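Protein chains in written order, with full-length UniProt numbering: chain A, 1 to 309; chain B, 1 to 350.
Hints are computed from structural coordinates only; laboratory data are not their basis. Fair warning: there could be bad hints in the mix.
[Said to hold, decoys possible] Cross-link-like lysine to aspartate or glutamate pairs, in silico, DMTMM-like; alpha carbons within 20 Å at most:
#1 A:K214 x B:D225
#2 A:K125 x B:E83
#3 B:K4 x B:E43
#4 A:K82 x A:D56
#5 A:K205 x B:E83
#6 A:K303 x B:E156
#7 B:K344 x B:D225
#8 B:K151 x A:D299
#9 B:K72 x B:E83
#10 A:K205 x B:D216
#11 A:K205 x B:D100
#12 A:K64 x A:D74
#13 A:K205 x B:E7
#14 A:K214 x B:E93
#15 B:K88 x B:E70
[Claimed, not checked] If the Cβ cut is set under 10 Å, some of the chain B residues that face chain A in the computed set are:
#16 S29
#17 N77
#18 P80
#19 E83
#20 K88
#21 R90
#22 I94
#23 M102
#24 P107
#25 K124
#26 Y155
#27 E156
#28 S158
#29 G159
The structure presented is a predicted model; accordingly, all values stated were derived computationally and were not measured. Virtual Cβ for every residue (Gly too), placed ideally from N, Cα, C.
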Amino acid sequence: MLRYICKRLIYILMALFIIVTATFFLMRLAPGSPFASERAFPPKIEAQLNAKYGLDNPWYIQYKDYLVDTISFDFGESMKYKGRSTNDIISESFPISLTLGIEAMILAVGIGILLGAIAALYHNKLPDYLASTIAVLGISVPSFILAGLMQYFLAFKFGHFPVSGWKGFNYSILPALAIAITHAGFIAKLTRASMLEQSNSDYVKMARSKGLGKWTIVIRHTLRNALMPVITYLGPLTAGVVTGSFIIEQIFAIPGLGKHFVTSITNRDYTVIMGTTVFYSIILLFAVLIVDILYSVIDPRIKLKGAKK
Amino acid sequence: MTRKLLEVNDLKIHFKTYAGVVQAVRGVSFDLYEGETLAIVGESGSGKSVTSNAIMKLIPQPPGIYAGGEIKLEGRNLLPLSEKQMSKIRGNEIAMIFQDPMTALNPTMRIGRQITEVILKHQKIPAAEARERAVKLLNLVGIPMPEKRFKQYPYEFSGGMRQRVVIAIALAADPKLLIADEPTTALDVTIQAQILELMKDIQKKRKTSIIFITHDLGVVANVADRVAVMYAGQIVEYGTVNDIFYNPKHPYTWGLLGSMPDLRNNVNEELRTIPGSPPDLIHLPKGDAFAPRNEFAMAIDYEEEPPMFQVSETHFAKTWLLHPDAPKIDIPEAISRRIEGYLKEAQVNG
Chain A
1 MLRYICKRLI
11 YILMALFIIV
21 TATFFLMRLA
31 PGSPFASERA
41 FPPKIEAQLN
51 AKYGLDNPWY
61 IQYKDYLVDT
71 ISFDFGESMK
81 YKGRSTNDII
91 SESFPISLTL
101 GIEAMILAVG
111 IGILLGAIAA
121 LYHNKLPDYL
131 ASTIAVLGIS
141 VPSFILAGLM
151 QYFLAFKFGH
161 FPVSGWKGFN
171 YSILPALAIA
181 ITHAGFIAKL
191 TRASMLEQSN
201 SDYVKMARSK
211 GLGKWTIVIR
221 HTLRNALMPV
231 ITYLGPLTAG
241 VVTGSFIIEQ
251 IFAIPGLGKH
261 FVTSITNRDY
271 TVIMGTTVFY
281 SIILLFAVLI
291 VDILYSVIDP
301 RIKLKGAKK
Chain B
1 MTRKLLEVND
11 LKIHFKTYAG
21 VVQAVRGVSF
31 DLYEGETLAI
41 VGESGSGKSV
51 TSNAIMKLIP
61 QPPGIYAGGE
71 IKLEGRNLLP
81 LSEKQMSKIR
91 GNEIAMIFQD
101 PMTALNPTMR
111 IGRQITEVIL
121 KHQKIPAAEA
131 RERAVKLLNL
141 VGIPMPEKRF
151 KQYPYEFSGG
161 MRQRVVIAIA
171 LAADPKLLIA
181 DEPTTALDVT
191 IQAQILELMK
201 DIQKKRKTSI
211 IFITHDLGVV
221 ANVADRVAVM
231 YAGQIVEYGT
241 VNDIFYNPKH
251 PYTWGLLGSM
261 PDLRNNVNEE
271 LRTIPGSPPD
281 LIHLPKGDAF
291 APRNEFAMAI
301 DYEEEPPMFQ
311 VSETHFAKTW
321 LLHPDAPKID
331 IPEAISRRIE
341 GYLKEAQVNG
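My request is simple: use the sequences and hints to build the entire structure.
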């Protein structure tokens, strides 16, 4: 197992190198600069700014600088927000997105698997149609519409929840729900399909012939075998959700990480672009690694290559 | 005579499909005594597996419909029972051995737990005791080092060993009736023989009744006391092993017996087959369902379904050939030669 993880860590480093390289050249390909605005700076000032941030160096020097930054995990000062380092931006906003993301994931997984299991268990009966309809609605209604509706009804009209802001657990419920419902729909669909496939297999029939109850069979036998595709989907999803959602954070005025992915690009804030990209990549790559390890935990037949037998 | 354990009367099972109603089982009746083995034989799609699943009420509804009849276990009709009442019978009084041991075990659960869960479901005993019994069962079905095997997963077992585990699970709650749905079909021949020996051995020790579903007549001759031949959802001939093998009356049984490969006698003859294919169970032909494939079919076979004629006290067959007015037709010589050769062979092999 340890050998396997070491091997995978090396792959992760290689992937990061490629990501940094691709991001760097894409940034350079995009026209504009962090200092471009409607009122152009006098050329002298612009040249000074470029010199300060090293943007006047030839591309290979800049490239090297970024690589060194990435290795030392210090992405330098933001080019747009004076005096704030990229690391500070991430360390301030990520915990907020992480909290919200974990809440959303718990909701999404809980609701999704439950809906999927019910739909599969009552295949082609009323509960199935009901659960499937909810799932399809969840998938097809965009999260910002859902967020708006929830704000209007649950927060504004009935006043059960605060409309927006980030001052405690109460503030996180609506945004977490808004994020969770779309994903819950997907998870429900996946779980349903996978459960139905498993339900036709002999071992489920065998479990029935043992005299086990409906739900005992689902929980003890079917679900575990049906979860593989769901787990596969959950890895990248978790990485995306815990790093924040631009739209939801805007609607609920949450100071999370999500908005920086978008604003850093529109600002051509090179250091922040690089910082958030590398940060997201690391989380994604580790999520995928964890999924692969989970496979072997869930299904004993799967042996990790290079792992001890 | 021993006690009657199971009685199936005029059982009808239908399936609703988009194309129409499939009449998978059309009025099947048989009974089974304690400690007896009944073999149900027939082609694929003849309704033998549906019948066996119906006894445990494992037919999914929908699309399955129990269209009529009754299934009586020790005098108690199972058809009106609720799922909850059935779950007390499944695994406990009736257990099932599945065809393919490669898929019948849950791949992500340890073997031991798959056995103990049946015991714990049906008997109020502590887990440690259930464990002890499971290990004993593994020993009984001939799995070496049961203590160690208990903790392993199915993928660590070979096909034959898995089938032994499946049998151990079926036996776990000490059922009165064992339904074996082609338990040896997925195994290779040497393992087949071992599994059959094991089942016979267990039956002797435990006095379990067995319904043995198969299309392998060699297996039938080996294990069964009585045989029911099924065709198109009906039992067409029914009798003791001797009745069926030495004195078959139905042309379909002749065809089945005649199409057994013969590797020692009559080797120069071509392998016989039954021409045609089983009828569409949605649009059944008028009269006898077997008539279009029957070389001895008479005019009445296309008009009216034959009743069950009694041949002897134990032997019944559903063919117009047994009607007093029917022309005297005996089993074709080529087929009887084959059967003789086959029986001789079986005797040599014990």
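Satisfaction of the P80 (chain B) interface hint, Cβ to chain A closer than 10 Å:
It is violated, given that the least Cβ distance between P80 (chain B) and chain A is near 18 Å, above 10 Å.
Against chain A, is S29 (chain B) within 10 Å by beta-carbon distance?
violated (23 Å)
Hey, K205 (chain A) versus E7 (chain B), does the alpha-carbon distance stay inside 20 Å?
It is violated: about 24 Å lies between the C-alpha atoms, which goes past 20 Å.
Does K303 (chain A) pair with E156 (chain B) here, judged by a C-alpha cut-off of 20 Å?
holds (13 Å)
Against chain A, is S158 (chain B) within 10 Å by beta-carbon distance?
violated (15 Å)
Given pair status - E83 (chain B), K72 (chain B), alpha carbons within 20 Å
holds (16 Å)
Tell me if the straight-line CA distance from K214 (chain A) to D225 (chain B) falls inside 20 Å.
Since the Cα atoms of K214 (chain A) and D225 (chain B) sit roughly 36 Å apart, the hinted pair is violated (cutoff 20 Å).
For the restraint on Y155 (chain B), tell me whether the closest CB of chain A is nearer than 10 Å.
holds (5 Å)
Can we keep the K88 (chain B) interface hint, with Cβ of chain A closer than 10 Å?
holds (7 Å)
Close enough to count: is the Cβ of R90 (chain B) nearer than 10 Å to one in chain A?
Result: holds, 4 Å to nearest chain A Cβ.
Going straight from one Cα to the other, do K205 (chain A) and D216 (chain B) come out at no more than 20 Å?
Distance of about 24 Å is beyond 20 Å: violated.
Does K4 (chain B) pair with E43 (chain B) here, judged by a C-alpha cut-off of 20 Å?
violated (28 Å)
Violated hints for the displayed structure, listed by number in ascending order: 1, 3, 10, 13, 16, 17, 18, 25, 28, 29.
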